[in-house]
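Line order of the protein sequences matches chains G, A, Z and F.
Quick note: the first sequence uses numbering that gives the first Met the number 0, first residue 0, plus one each step.
Quick note: the second sequence uses numbering that gives the first Met the number 0, first residue 0, plus one each step.
Quick note: the third sequence uses numbering that gives the first Met the number 0, first residue 0, plus one each step.
Quick note: the fourth sequence uses numbering that gives the first Met the number 0, first residue 0, plus one each step.
Be aware that a few hints might be false.
To be verified - Under the rule of at most 27 Å between Cα atoms (straight-line distance), these lysine-lysine pairs were calculated in the DSSO-like manner:
no.	chain 1	residue 1	chain 2	residue 2
1	Z	LYS42	A	LYS31
2	F	LYS245	G	LYS42
3	A	LYS42	G	LYS32
4	G	LYS171	F	LYS27
5	A	LYS171	G	LYS32
Note that these hints are calculated values from the structure, not bench results.
4 protein chains.
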Amino acid sequence: MGSFRGHALPGTYFFLMSFWWIIKSILKYVSKKQKRICYLGTKASTQRVELVEGIILIFMALSGIGGEQFLNGGPSLILYKEGQWNQLDGWHHCTMYFFFGLMGVSKVLCSTINSLPGSLVKLMMSNALFVEGFIFYNHTHGREMLDIFVHQMLCLVVLLAGIVSFLEFLTKNNVLLELLRSSLLMLQGTWFWQVAFVLYPPNGSPKWDLKDHNNRMFLSICLCWHYAFTYMIIGVSCVFVTWLVKWRLRRLCPSEVGLLKNTEREQESEEEV
Amino acid sequence: MGSFRGHALPGTYFFLMSFWWIIKSILKYVSKKQKRICYLGTKASTQRVELVEGIILIFMALSGIGGEQFLNGGPSLILYKEGQWNQLDGWHHCTMYFFFGLMGVSKVLCSTINSLPGSLVKLMMSNALFVEGFIFYNHTHGREMLDIFVHQMLCLVVLLAGIVSFLEFLTKNNVLLELLRSSLLMLQGTWFWQVAFVLYPPNGSPKWDLKDHNNRMFLSICLCWHYAFTYMIIGVSCVFVTWLVKWRLRRLCPSEVGLLKNTEREQESEEEV
Amino acid sequence: MGSFRGHALPGTYFFLMSFWWIIKSILKYVSKKQKRICYLGTKASTQRVELVEGIILIFMALSGIGGEQFLNGGPSLILYKEGQWNQLDGWHHCTMYFFFGLMGVSKVLCSTINSLPGSLVKLMMSNALFVEGFIFYNHTHGREMLDIFVHQMLCLVVLLAGIVSFLEFLTKNNVLLELLRSSLLMLQGTWFWQVAFVLYPPNGSPKWDLKDHNNRMFLSICLCWHYAFTYMIIGVSCVFVTWLVKWRLRRLCPSEVGLLKNTEREQESEEEV
Amino acid sequence: MGSFRGHALPGTYFFLMSFWWIIKSILKYVSKKQKRICYLGTKASTQRVELVEGIILIFMALSGIGGEQFLNGGPSLILYKEGQWNQLDGWHHCTMYFFFGLMGVSKVLCSTINSLPGSLVKLMMSNALFVEGFIFYNHTHGREMLDIFVHQMLCLVVLLAGIVSFLEFLTKNNVLLELLRSSLLMLQGTWFWQVAFVLYPPNGSPKWDLKDHNNRMFLSICLCWHYAFTYMIIGVSCVFVTWLVKWRLRRLCPSEVGLLKNTEREQESEEEV
Numbered sequence: 000m001g002s003f004r005g006h007a008l009p010g011t012y013f014f015l016m017s018f019w020w021i022i023k024s025i026l027k028y029v030s031k032k033q034k035r036i037c038y039l040g041t042k043a044s045t046q047r048v049e050l051v052e053g054i055i056l057i058f059m060a061l062s063g064i065g066g067e068q069f070l071n072g073g074p075s076l077i078l079y080k081e082g083q084w085n086q087l088d089g090w091h092h093c094t095m096y097f098f099f100g101l102m103g104v105s106k107v108l109c110s111t112i113n114s115l116p117g118s119l120v121k122l123m124m125s126n127a128l129f130v131e132g133f134i135f136y137n138h139t140h141g142r143e144m145l146d147i148f149v150h151q152m153l154c155l156v157v158l159l160a161g162i163v164s165f166l167e168f169l170t171k172n173n174v175l176l177e178l179l180r181s182s183l184l185m186l187q188g189t190w191f192w193q194v195a196f197v198l199y200p201p202n203g204s205p206k207w208d209l210k211d212h213n214n215r216m217f218l219s220i221c222l223c224w225h226y227a228f229t230y231m232i233i234g235v236s237c238v239f240v241t242w243l244v245k246w247r248l249r250r251l252c253p254s255e256v257g258l259l260k261n262t263e264r265e266q267e268s269e270e271e272v
Numbered sequence: 000m001g002s003f004r005g006h007a008l009p010g011t012y013f014f015l016m017s018f019w020w021i022i023k024s025i026l027k028y029v030s031k032k033q034k035r036i037c038y039l040g041t042k043a044s045t046q047r048v049e050l051v052e053g054i055i056l057i058f059m060a061l062s063g064i065g066g067e068q069f070l071n072g073g074p075s076l077i078l079y080k081e082g083q084w085n086q087l088d089g090w091h092h093c094t095m096y097f098f099f100g101l102m103g104v105s106k107v108l109c110s111t112i113n114s115l116p117g118s119l120v121k122l123m124m125s126n127a128l129f130v131e132g133f134i135f136y137n138h139t140h141g142r143e144m145l146d147i148f149v150h151q152m153l154c155l156v157v158l159l160a161g162i163v164s165f166l167e168f169l170t171k172n173n174v175l176l177e178l179l180r181s182s183l184l185m186l187q188g189t190w191f192w193q194v195a196f197v198l199y200p201p202n203g204s205p206k207w208d209l210k211d212h213n214n215r216m217f218l219s220i221c222l223c224w225h226y227a228f229t230y231m232i233i234g235v236s237c238v239f240v241t242w243l244v245k246w247r248l249r250r251l252c253p254s255e256v257g258l259l260k261n262t263e264r265e266q267e268s269e270e271e272v
Numbered sequence: 000m001g002s003f004r005g006h007a008l009p010g011t012y013f014f015l016m017s018f019w020w021i022i023k024s025i026l027k028y029v030s031k032k033q034k035r036i037c038y039l040g041t042k043a044s045t046q047r048v049e050l051v052e053g054i055i056l057i058f059m060a061l062s063g064i065g066g067e068q069f070l071n072g073g074p075s076l077i078l079y080k081e082g083q084w085n086q087l088d089g090w091h092h093c094t095m096y097f098f099f100g101l102m103g104v105s106k107v108l109c110s111t112i113n114s115l116p117g118s119l120v121k122l123m124m125s126n127a128l129f130v131e132g133f134i135f136y137n138h139t140h141g142r143e144m145l146d147i148f149v150h151q152m153l154c155l156v157v158l159l160a161g162i163v164s165f166l167e168f169l170t171k172n173n174v175l176l177e178l179l180r181s182s183l184l185m186l187q188g189t190w191f192w193q194v195a196f197v198l199y200p201p202n203g204s205p206k207w208d209l210k211d212h213n214n215r216m217f218l219s220i221c222l223c224w225h226y227a228f229t230y231m232i233i234g235v236s237c238v239f240v241t242w243l244v245k246w247r248l249r250r251l252c253p254s255e256v257g258l259l260k261n262t263e264r265e266q267e268s269e270e271e272v
Numbered sequence: 000m001g002s003f004r005g006h007a008l009p010g011t012y013f014f015l016m017s018f019w020w021i022i023k024s025i026l027k028y029v030s031k032k033q034k035r036i037c038y039l040g041t042k043a044s045t046q047r048v049e050l051v052e053g054i055i056l057i058f059m060a061l062s063g064i065g066g067e068q069f070l071n072g073g074p075s076l077i078l079y080k081e082g083q084w085n086q087l088d089g090w091h092h093c094t095m096y097f098f099f100g101l102m103g104v105s106k107v108l109c110s111t112i113n114s115l116p117g118s119l120v121k122l123m124m125s126n127a128l129f130v131e132g133f134i135f136y137n138h139t140h141g142r143e144m145l146d147i148f149v150h151q152m153l154c155l156v157v158l159l160a161g162i163v164s165f166l167e168f169l170t171k172n173n174v175l176l177e178l179l180r181s182s183l184l185m186l187q188g189t190w191f192w193q194v195a196f197v198l199y200p201p202n203g204s205p206k207w208d209l210k211d212h213n214n215r216m217f218l219s220i221c222l223c224w225h226y227a228f229t230y231m232i233i234g235v236s237c238v239f240v241t242w243l244v245k246w247r248l249r250r251l252c253p254s255e256v257g258l259l260k261n262t263e264r265e266q267e268s269e270e271e272v
């Protein structure tokens with residue numbers, strides 16, 4: 000990892016995964032509201048999507064582990080060399096990737112074996128996030144102040160995402176909890192990019208002063224702006240998906256839309272009474 | 000902010016907002032108990048109230064951001080000037096206001112678009128409070144002991160309010176949770192005033208010794224007294240609103256009151272059996 | 000407080016209150032299991048008990064405040080004297096008593112006004128405990144190591160009791176949560192006595208070395224033994240109350256006991272099928 | 000304890016207990032899914048299993064207390080000797096064993112007395128774990144960095160297990176929560192072995208440098224690998240138990256299996272609709 004690319008890669012993974020989950024959550028919610036469309040509705044298609052997601056997650060984890068171990072002079076699977084531990088940082092990162100890989104495996108299993116409880120995936124996600132947070136917490140001994148700070152922020156975001164995943168595991172089908180978790184994962188992704196720019200400025204940009212406390216104060220609000228940015232993405236996705244579903248609906252069965260609107264109006268007037 | 004007015008303004012905002020929410024919660028609860036009155040009862044009027052609240056929140060946030068940026072020699076939207084960050088304190092405060100503005104936007108959206116889940120507002124409130132707490136936590140580097148202490152207390156109150164908001168988001172319609180959250184917001188409001196008096200004593204009052212530990216011990220119980228004060232306000236509001244609702248009821252339909260009392264008595268006797 | 004009696008008094012209060020609550024919880028649970036007895040069963044008698052409890056709580060709070068303010072050279076309601084705060088420790092204790100008094104007031108109100116939600120009392124108890132924990136946390140500046148430690152333990156027990164009370168407020172009618180909360184309150188009571196013996200050894204006993212870390216290690220398991228002791232009391236109460244209820248039942252309606260046993264057996268055999 | 004065996008013994012106890020609980024949870028879940036088998040299904044047999052578990056737990060606790068008190072020059076029930084506390088470490092361990100013994104007692108009571116609430120066992124388990132975590136937290140004063148670290152990790156795992164037990168107590172019959180708790184207990188068991196190997200390397204292995212921070216970084220991922228290992232055990236148990244149940248089913252009633260499969264298929268097709 001200790002490089003720009005090493006931080007940009009997981010950042011991109013988290014961003015893409017969470018973006019897809021945001022789209023999926025909204026799509027599921029909107030489809031449910033407009034009950035007649037069976038886009039993503041059948042159990043079989045949902046399971047196929049889960050299966051593909053699981054395989055992609057496993058691929059991501061394997062590529063991450065491979066990159067850590069063999070690129071840029073990684074430890075190459077050697078844990079102990081010449082009387083001391085061999086590049087523990089690389090092993091830390093591999094362990095994190097491994098647990099996300101386990102989550103991918105649980106996704107594959109849950110989508111193929113019916114008798115497994117569906118919330119297993121949520122539990123494994125929460126586990127993977129807690130393990131990641133735990134490792135980041137024990138990761139930054141003896142570094143500069145700002146380096147520690149940006150990793151602590153990462154740790155905070157990861158642990159919050161883990162807690163929200165765990166709440167998802169305990170409750171069922173709360174679309175806002177899903178979006179909250181995805182937004183925190185996306186925040187993690189963009190924050191990985193921020194860390195890459197702060198610690199390894201590319202193309203000869205000037206280095207950040209890692210001891211200046213003003214930088215720390217700036218980065219603490221910067222994290223909030225990243226978070227506001229994920230909200231913006233969720234908002235735009237929401238508008239786009241709703242429009243898409245309505246457009247498909249209109250093309251497929253224009254007569255039913257009118258009916259839908261009527262029933263909606265009736266429901267509302269009933270609620271008002 | 001760094002002035003008496005800069006602390007009194009958000010204090011007033013929080014106090015007024017939470018006072019209104021206390022009144023609203025009690026009104027809703029009392030109206031529900033006396034089922035026949037439709038004061039605030041129709042969905043349309045509730046939505047109109049939410050809309051107005053949202054617009055007021057947005058206005059408050061914008062006025063706060065404007066004041067921070069352009070009054071008292073604020074940063075004037077310039078983030079980086081002459082090789083260093085430009086007045087990060089002001090930007091911190093703007094970020095907090097911005098997230099409360101987002102909550103206002105979500106209120107407006109939820110009151111105009113029916114398909115949005117109603118608990119979105121609670122989630123955004125909890126988010127805004129967590130962001131505020133996070134920023135306050137990273138806000139007081141290098142200040143005096145008492146200055147840090149009063150901001151830590153603010154941070155504690157804000158985070159507790161955020162947790163209660165999040166619980167409100169997870170559960171539904173618990174009037175006591177609503178009042179608890181409002182009381183914590185009101186505590187925040189009055190505490191802002193207390194901070195203003197401690198750090199920027201107006202009209203030439205003697206300055207507080209920011210290093211004296213006795214002041215800290217006093218302020219820690221002072222916070223509890225503020226909290227007791229919010230209880231008093233809730234109690235008085237409760238009595239007043241109940242009297243108001245009963246008085247309206249008596250004027251509107253004096254015959255029904257008698258009926259209500261009878262049914263109440265019957266219910267009680269049934270419960271006793 | 001700063002004396003043996005000052006710690007023994009609240010300790011006795013907490014012990015007696017929690018002992019009564021343990022008896023009450025078990026009595027309610029056993030009576031419910033044996034549905035036909037209406038001991039404590041009518042709503043009216045429950046409310047009368049609540050009313051008396053509330054009045055006793057208010058009396059305890061007032062006696063505590065009075066003792067703190069006027070006995071042993073207390074502050075006598077003077078907060079600020081000769082340019083400095085006047086005996087803030089006493090004011091700290093008064094604030095704690097005050098919030099327990101508020102809980103008593105809420106008990107009285109809930110038992111007289113039917114429209115108030117019943118869980119208000121639980122919320123006020125949790126509030127009183129959180130306030131107590133908060134004040135203890137800010138109470139021990141500049142004291143000896145062991146003095147701080149025993150107060151931290153108090154603070155821990157109080158906050159745990161506050162969390163359990165809050166869970167009771169969120170859930171309904173879980174007898175084990177009630178007993179857990181009562182056991183933590185009883186632990187607090189016996190720990191107050193322990194603190195009194197450690198810090199103010201009576202009758203010329205040798206003083207504890209407040210800097211010796213072995214004392215700290217002993218007191219940390221001592222807390223656990225206190226807790227085991229509350230379990231023993233709960234166990235004995237349980238046996239005694241069950242025996243009492245069955246004895247009353249047998250005396251009042253000996254024929255029904257046989258019926259009860261039969262129905263019990265039937266239920267069990269049904270469950271086994 | 001302060002020896003290899005003193006850490007290996009509780010490690011083995013926790014490993015065996017949690018392994019049995021993993022098997023039991025999976026067996027219960029699989030049996031429920033295949034409703035017709037009454038393996039472990041009758042209330043009487045469940046109670047008998049609980050009774051035996053309780054007795055084994057009590058035996059484990061007593062053997063642990065006995066070993067601590069009388070083997071290897073333990074305190075032999077003498078708490079205070081020659082003006083100072085006598086081997087408080089041993090008393091710490093005894094207190095932990097004692098609370099697990101209490102849990103065994105509650106298991107025995109719940110399985111013999113029908114009127115006790117079943118979740119009492121969960122509460123006592125959570126209590127025992129919290130007490131253990133609390134004692135470990137106050138256990139390592141003045142030791143080397145790595146010694147403190149491995150005990151902190153133990154403390155973390157124990158407290159997490161305690162929280163999960165408490166969640167089990169609050170919710171009902173969530174097989175994944177049960178497995179999560181068992182996996183954390185198994186992690187505790189294997190970690191005890193790890194601690195034994197780190198602090199008391201057997202057979203003249205080289206000693207670990209207790210001040211080297213690299214060792215700490217290695218042990219932090221080592222904990223994660225232990226956790227991954229418990230997952231593997233759960234996975235293998237799951238496959239084995241499912242195969243066992245199906246095999247028993249096939250041998251007992253081969254005709255019903257076909258029926259089961261048909262109904263399963265029907266259910267699925269219904270869900271897809």
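Worksheet item: In ascending order, which of the hints set out earlier in this document are inconsistent with the structure?
Response: Result: no hint breaks.
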